[in-house]
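Build out the structure end to end from the sequences listed, making use of the hints.
There are 2 protein chains.
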Amino acid sequence: MNTVPAPLSSTPSEHLLDRLAAIVGSAHVLAAAADTLRYETDYRGVFPGACRAVVRPASTEQVARVVAACAAAGVALVPQGGNTGLVGGSTPDESRTEVVLSLDRMRAVRRVDALDGAMTVEAGCTVQAAQEAAAEVGRLFPLSLASEGSATIGGVFSTNAGGEQVLRYGNARDLALGIEVVLADGRVLDLLGALRKDNTGYDLKQLFIGAEGTLGIVTAVTVKLFPRPRKVVTAWVAVPDPQAAVQLLARLTEAVGERVTAFELIGSGALALVLEHAAPGMRAPLGEVHAWSVLFDVSEVSAGLDPTPAVEEVLAVAIEQGLVIDAALAASERQAHDFWALREHVPEAQRSEGPSIKHDISVAVSRIPAFIEQADPALRALLPGVRIVCFGHVGDGNLHYNQSMPEGMGKADFLAVEQAMHALVHDTAVRLHGSISAEHGIGRLKLDAFVRYKPPVALDTMARIKRALDPANTFNPGRLLPQSLLDPR
Amino acid sequence: MNTVPAPLSSTPSEHLLDRLAAIVGSAHVLAAAADTLRYETDYRGVFPGACRAVVRPASTEQVARVVAACAAAGVALVPQGGNTGLVGGSTPDESRTEVVLSLDRMRAVRRVDALDGAMTVEAGCTVQAAQEAAAEVGRLFPLSLASEGSATIGGVFSTNAGGEQVLRYGNARDLALGIEVVLADGRVLDLLGALRKDNTGYDLKQLFIGAEGTLGIVTAVTVKLFPRPRKVVTAWVAVPDPQAAVQLLARLTEAVGERVTAFELIGSGALALVLEHAAPGMRAPLGEVHAWSVLFDVSEVSAGLDPTPAVEEVLAVAIEQGLVIDAALAASERQAHDFWALREHVPEAQRSEGPSIKHDISVAVSRIPAFIEQADPALRALLPGVRIVCFGHVGDGNLHYNQSMPEGMGKADFLAVEQAMHALVHDTAVRLHGSISAEHGIGRLKLDAFVRYKPPVALDTMARIKRALDPANTFNPGRLLPQSLLDPR
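Chains as they are written, first to last, in the numbering used here: chain F, 2 to 490; chain P, 2 to 490.
Think of the hints as simulated: they come from the structure by calculation, not from any bench.
C-beta: ideal position from N, C-alpha, C; glycine also.
Just so you know, nobody snuck in bad clues.
In silico contact screen, one side only, chain P against chain F (beta carbon under 10 Å); selected entries:
#1 Gly118
#2 Asp204
#3 Leu205
#4 Gln207
#5 His394
#6 Ile437
#7 Gly442
#8 Phe451
#9 Leu481
See below:
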C-alpha cells in the first residue's frame with residue numbers, strides 16, 4: 002500500500018485555467034484578487050489564504066470535468082460552500098497554487114417528496130433555503146445552526162454539522178438518505194435515492210459525510226424530512242450546578258421522551274457577557290444571572306397532545322427538591338425567540354470582549370459535570386482571572402468551552418498561554434473519553450491535536466482510505482489528514 | 002492501486018491449528034465434524050459448507066491474535082455470530098480451507114449507562130440478552146427481529162440488520178455510538194465510547210457496520226438506548242389496496258408523528274397461509290381475510306399522554322372515506338401479541354408449503370403500490386397460479402415479496418423459473434429506484450444480482466476500500482464483494 006501522494010499542489014498553468022473556463026464559462030473562473038478575496042479567508046479570519054483561481058461549476062457534470070482536469074494537472078482543489086467553517090477547512094493556503102472549487106452556483110432543490118419524507122438538494126443550496134423548501138410542503142428539515150443563512154448543504158454534510166436540534170434529530174449524517182459525489186478520477190458516484198433501507202454493500206455515503214472534502218466533492222444530498230412540530234414548550238431554568246442540569250435532562254427524557262428537542266447549558270460567564278453587550282430589550286428571563294442556566298425545547302407534532310403539563314410537573318418536582326432554583330416557560334413564540342436570542346448571542350458577545358480561546362469538546366452526557374469540575378479550576382490556576390465562557394449543547398454532551406482574557410490583560414500575554422490552555426482542555430476531555438472536536442471538525446486548525454489524541458490505528462485506517470480514494474491527494478490536501486500520515490513509510 | 006489479493010484461502014496447516022489452540026485453548030479449536038457441523042450450514046440450508054476448523058476466542062485480544070496468525074498464513078476467516086443470516090454470509094464454503102471465527106464465547110455486556118443511554122456489548126451477546134440488559138436499567142434497546150434469541154450483536158451490526166422497529170428507531174447502523182474492530186493486520190481499532198457528537202475524522206464505525214465481516218471483525222459495539230414506551234396502541238386494519246395503506250401511514254404520521262413505531266403490510270396470500278397452518282387459537286382479527294391488512298404500533302413514552310384518541314380519530318375518518326375497510330385496536334397486551342404472532346408466523350407458514358422463492362426489496366414508501374401493481378401481474382404471467390406471499394415493513398418501504406409454488410406443481414418445475422422470477426422482481430424494484438436487498442444483505446446468495454444492479458462506480462469504490470483495509474482478503478472472501486472485483490485490472 003505504498004501509493005505515493007503527490008506534492009500538495011502543482012501550480013496551475015494558464016492552459017489549465019483555459020480548460021476550466023471552457024468547462025464552466027470564463028465568467029465563472031475568478032482570478033482577479035478583487036473577485037477571489039471573499040473565497041480566500043475563513044469565517045474567523047484565522048487563515049488568510051491566496052488561491053490561483055476560484056472555479057464555479059453550475060452542474061455535477063461540470064464539477065466532474067473540473068475535477069478530472071485539475072487531477073490530471075496535479076492541482077489541488079479546495080471545495081467551498083458558504084465558507085462558514087470554523088477550522089480553516091474550506092479556504093486555500095497561502096501558496097497561490099490551489100484552486101477553490103465553489104459550489105455556490107449549484108443551488109437547486111431537485112425534488113421534494115412530502116409522503117416519503119425526502120428531499121434532494123444541491124450542494125450550494127443554503128441550509129435555510131432547504132428548510133424553507135421543506136416547510137413549503139409542510140415538512141421539517143431539522144438541521145439548524147447559527148450560520149444557516151450562509152452555510153450550504155454541501156458544507157454541512159461534508160463537515161457533519163451539528164447545531165441546535167441534534168438531541169432529537171441527530172447530526173447531519175443522521176439526516177442523509179443519499180448522496181452524489183464526484184470522485185478523484187472525475188467519475189460521479191450517484192447514491193441519491195430515498196430508501197430507508199438498503200443493504201447492498203458498504204454505506205459509502207457515510208464515508209463522504211464528515212470527510213471535510215478530502216475524499217470527494219459532494220454535489221447533492223437526499224435528506225430526511227420530518228413532521229413539523231405543532232407545539233413547542235420553551236423553558237429557561239436556573240440550576241445550581243451542571244450535575245443538576247444533567248439530572249433535569251434525564252427526568253425530562255423520562256417524562257416526555259424524545260420530545261426533548263434541544264437542551265442547552267449556559268454558564269454565568271456566558272450569560273453575563275451577553276447581557277453586558279445586549280441589544281435593547283434583552284434581559285435575563287429570571288431577573289438575575291444564576292450560576293448556571295438551562296434552555297430547553299420540548300416539541301410535539303400531534304395537535305391533540307400537549308406536553309406542557311408533563312413539563313410543568315417535572316419542573317415543579319425539581320424545584321421542590323432543589324434540583325431547579327427557578328424556571329420560566331415562554332408564554333409566547335415571541336418570548337421563546339427572546340430566550341433563544343440570549344443563547345445565540347454568546348459568540349457575538351464574546352467577540353466584543355476581544356480575543357478568545359475556543360474549544361468544542363464532547364464527553365458522554367453524564368461526564369459533563371466532571372469535565373467542568375476538572376477543567377475550570379485547572380484553567381484558573383493556569384491563568385488567574387481568566388473568564389470562562391461555557392455554554393453548549395449539553396443534551397449531546399457537547400460544550401463550547403471558551404475563554405476570554407482576564408480584565409486588564411494584554412492580548413499578547415493572553416495568546417501566549419493559548420497552547421497550554423488547549424492542551425489542558427483537550428487533555429481533560431480525552432481523559433474523560435471525550436472528543437477534541439464535537440461538531441466543528443479538524444480542518445487545519447486542529448490537525449496537531451487530532452494527531453496527538455486520535456489512536457494511531459484510527460489515523461492509519463483513515464490514511465489508507467484517503468490513499469485508496471484520492472491517491473494523488475487532489476481533494477483538500479493538508480486538511481483533516483496531515484500530509485505526514487499520507488507520506489510513504 | 003494494483004494490490005493483488007491472495008487466493009481465497011490457503012489450506013491451514015497443523016502448525017496453524019496448534020497456534021490457534023495456544024491462543025484460545027485447545028478445547029476451543031473445533032475440528033471434528035460432529036463439533037463443526039452446526040457452524041457449517043446457513044440458517045436456510047442453502048449453502049452447506051465444510052471448514053477446516055472453528056476457532057472460538059474469548060476476548061478481543063484473542064481475536065486479534067487469531068486474525069494475525071491466520072492472516073500470516075494466508076488462511077481465510079469467516080466470522081460468525083448466531084448464524085441466522087439469510088444470504089450465506091457467515092458460513093464456510095465447501096473447500097475445507099476456511100476457518101470459522103465464532104464470536105460465541107464473547108457474550109459480555111461490558112457497561113450499561115442509563116443516564117447516557119449507552120450500553121457496550123460484546124459481539125457474541127444475543128440481541129435478546131442485550132434487550133434484557135437494557136430493560137434491567139429501565140431502558141429500551143429497540144433492535145428487534147424474529148431471530149433475536151439467536152442473532153448476535155456482532156452479526157446484526159455487521160449486517161446492519163433492520164427488523165420491526167426501524168420506522169421509529171432506524172436500522173442497526175443508526176443505533177451504534179461506537180465499535181471495536183479487529184483489523185486485518187491483527188491490530189485493534191477501539192472506537193468504543195458513548196459520544197453523541199465526535200467530528201474527528203472519517204466515521205470509521207459506519208464502514209464496518211453492514212460490511213458483512215469483509216473489512217474487520219466486530220468484537221464489541223456501544224449501542225444507543227431509549228426511554229421505554231409506557232403505552233403501545235396496536236391495530237389490525239383492513240385496507241382495500243396498498244395505496245390506501247401508504248395513505249394511512251401518512252395520516253398516522255401527520256397525527257402522531259414518530260410515535261408510529263411499526264407499520265406492516267400483509268397480503269391476503271400471506272395471511273391465508275398463516276391461518277391454514279395456524280396454531281390453535283390463531284384467528285383473523287377482523288373475522289375474514291381481506292385483500293390487504295395493515296398491522297401497526299403507535300407507542301408513547303410519556304405516562305401522561307395517551308395517543309389512543311388520535312389513532313382512533315384517524316381510523317374513524319379513514320373508514321368514513323373508504324380508505325380503511327375495518328379496524329380493530331388490541332384491547333390488551335395479550336391481544337396485541339396475538340396480532341403480531343400472525344405477522345411473525347408468515348415465514349414459517351410459507352415454509353410449510355414447500356419450496357419458496359424469496360425477495361427482500363425496498364423502494365421509496367410512496368412507490369410500494371407501484372411495485373406491487375407492476376410485479377404481481379408480471380409474475381402471474383410468468384408462472385400462472387403462482388402464490389404471492391407479500392408482507393413486510395411498508396413503513397420502511399421494505400417488502401418481503403415471496404412466491405410459493407402453484408397448487409399441484411412439482412418442485413423442479415417451480416425452481417426452473419427461479420432465476421427468471423428473481424430477475425423480474427429485481428428489475429421491477431430497480432426500475433423504481435429501489436434496492437434488491439433492503440435488510441438481508443448480499444452474502445453469497447445475491448452476489449450476481451449485486452454486481453448486475455449496483456453502479457460500477459460504487460462497486461469499484463467498495464473494492465478500493467476492501468483492498469485498502471484487507472489487502473490479502475483474509476476476511477470473508479467471496480462474500481459481499483465478488484472476487485472478480487478485487488482481481489487486478
